[in-house]
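Chains as they are written, first to last, in the numbering used here: chain A, 1 to 260; chain B, 1 to 164.
Mixed in with the good hints, there may be bad ones.
[Stated by the list, open to error] Selected chain A positions facing chain B (in silico; Cβ < 8 Å):
#1 Ile25
#2 Pro31
#3 Val130
Rather than coming from a laboratory, the hints here were simulated on the basis of the structure.
Computed from a prediction, not measured in an experiment: that's the story for all the values here.
From the three backbone atoms N, C-alpha and C, an ideal C-beta is built for every residue, glycine too.
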Amino acid sequence: MAEGGKIDPMHQFEVQPLFGQGWEIAGYQIPFTNSAAWMAATLVVLGVFMLGGMKRELVPGRWQMAVEGFTGFITGMIDTNIGKEGRKFVPYVFSLFMFILFANLLGLLPTAAAGVHAFTVTSHITITGVLALVSFALVLIVGFARHGLHFFSLFVPHGTPTVMVPLIFLIELFSFMFRPISLGLRLFVAMTAGHILLKVLAGFVINGSAGGIATLAIVSIPSFILMIGISMLEILVAGIQAYVFALLTSLYLNDAINLH
Amino acid sequence: MPQLAQIAEIYASQLFWLTVFFGAILVFIGYGMVPKIQKTVDLRDDKIAADLKEAEAAQKAADALEEDYRAGLDAARADAAKANAEAKATAAKKTEASLKRAETTIDKKLAAAAAELAQQREAARAELEAMAAEATQAMVQKVAGLSIDQRTATAAVKKELTHG
Numbered sequence: 001m002a003e004g005g006k007i008d009p010m011h012q013f014e015v016q017p018l019f020g021q022g023w024e025i026a027g028y029q030i031p032f033t034n035s036a037a038w039m040a041a042t043l044v045v046l047g048v049f050m051l052g053g054m055k056r057e058l059v060p061g062r063w064q065m066a067v068e069g070f071t072g073f074i075t076g077m078i079d080t081n082i083g084k085e086g087r088k089f090v091p092y093v094f095s096l097f098m099f100i101l102f103a104n105l106l107g108l109l110p111t112a113a114a115g116v117h118a119f120t121v122t123s124h125i126t127i128t129g130v131l132a133l134v135s136f137a138l139v140l141i142v143g144f145a146r147h148g149l150h151f152f153s154l155f156v157p158h159g160t161p162t163v164m165v166p167l168i169f170l171i172e173l174f175s176f177m178f179r180p181i182s183l184g185l186r187l188f189v190a191m192t193a194g195h196i197l198l199k200v201l202a203g204f205v206i207n208g209s210a211g212g213i214a215t216l217a218i219v220s221i222p223s224f225i226l227m228i229g230i231s232m233l234e235i236l237v238a239g240i241q242a243y244v245f246a247l248l249t250s251l252y253l254n255d256a257i258n259l260h
Numbered sequence: 001m002p003q004l005a006q007i008a009e010i011y012a013s014q015l016f017w018l019t020v021f022f023g024a025i026l027v028f029i030g031y032g033m034v035p036k037i038q039k040t041v042d043l044r045d046d047k048i049a050a051d052l053k054e055a056e057a058a059q060k061a062a063d064a065l066e067e068d069y070r071a072g073l074d075a076a077r078a079d080a081a082k083a084n085a086e087a088k089a090t091a092a093k094k095t096e097a098s099l100k101r102a103e104t105t106i107d108k109k110l111a112a113a114a115a116e117l118a119q120q121r122e123a124a125r126a127e128l129e130a131m132a133a134e135a136t137q138a139m140v141q142k143v144a145g146l147s148i149d150q151r152t153a154t155a156a157v158k159k160e161l162t163h164g
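Work the whole structure out from these sequences, hints included.
Okay, structure coming up:
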């Protein structure tokens, strides 16, 4: 990580196998990596959090209220964006939202203090891209299952002049096909950028402190103060990106269910 | 950027473990827990709505009861006022009757007293006449030396008295 006082801000994104190097399915290597470990941690933490909401009491306690707040948040979002028919997609959108949110937040934890380098699952396009493709595939499946070929009318907005239909169709189709890319890329880039910024500032703090009292005062301390602010911002971004992913998924699902 | 540089090396592992863990979240949490939690929430919302409705009904019933009570109170008041007026009227009538009775008694007593007074006056007058006649007789005897009988004296006195 540190070579001659240099700190590599990209090191945190490296995927390294922890064990199971020899594991493979049909010739594909599937070692259990640090990425997989943080996904497992996400599952465990989310599972523990959700179990606290499974008391299902008529008068809820604090924990149950918190869990119901999240389910109610997603259910409300689906209800307003899709309507009653969207209720069957609540489990998927909820899982998506909570997985991204918890993975984002767990990646921000200062676990390095305990010797474990935090890994942000959602800072990998291989993860966010797959999640985006799953959402996109769901939209396609639901759309074609409900409307058949009529689903293509999604690409021709109401009131389009007949002459314009081919052009509009192509533009709409292009924007539609771009959806999974933008969906996956947005989360991946937001997480990556935030973590690089934090790591670069952390490098300033460390290297500044090595250069004597002057650089400590001029570089390290301001950088550290900036880090505190950016860490808070990153917590906000973690929530917002999870929200955006879930919101866009529900909006795309709305297109598939209700067309225009 | 390791995310892109490592893709060829890690994509299978990433995809596999994402499937495992996200799949677990989707199955156990998304489909296992969320509907149950949401059902609890919906149940609670229904219960609250039902309770609110019940409370509203109870409120309505209470209002009706109060209205009844008010009406009963008003009727009772009216009855009481009526009874009061009746009692007053009866009492007035009774008072009037007893007043009349007392009046007649007093009138009677008054008449009796007046009659007695008149009689007494008459008696006194007669006595006065007798005394005056006697006195006249005596005076005539003394002054004129005439002896007049009692009848003449009395007639003279009567004549004088009536003249005043």
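In rising order, the numbers of the hints this structure does not comply with | Checked against the structure, no hint fails, so every one of them is satisfied.
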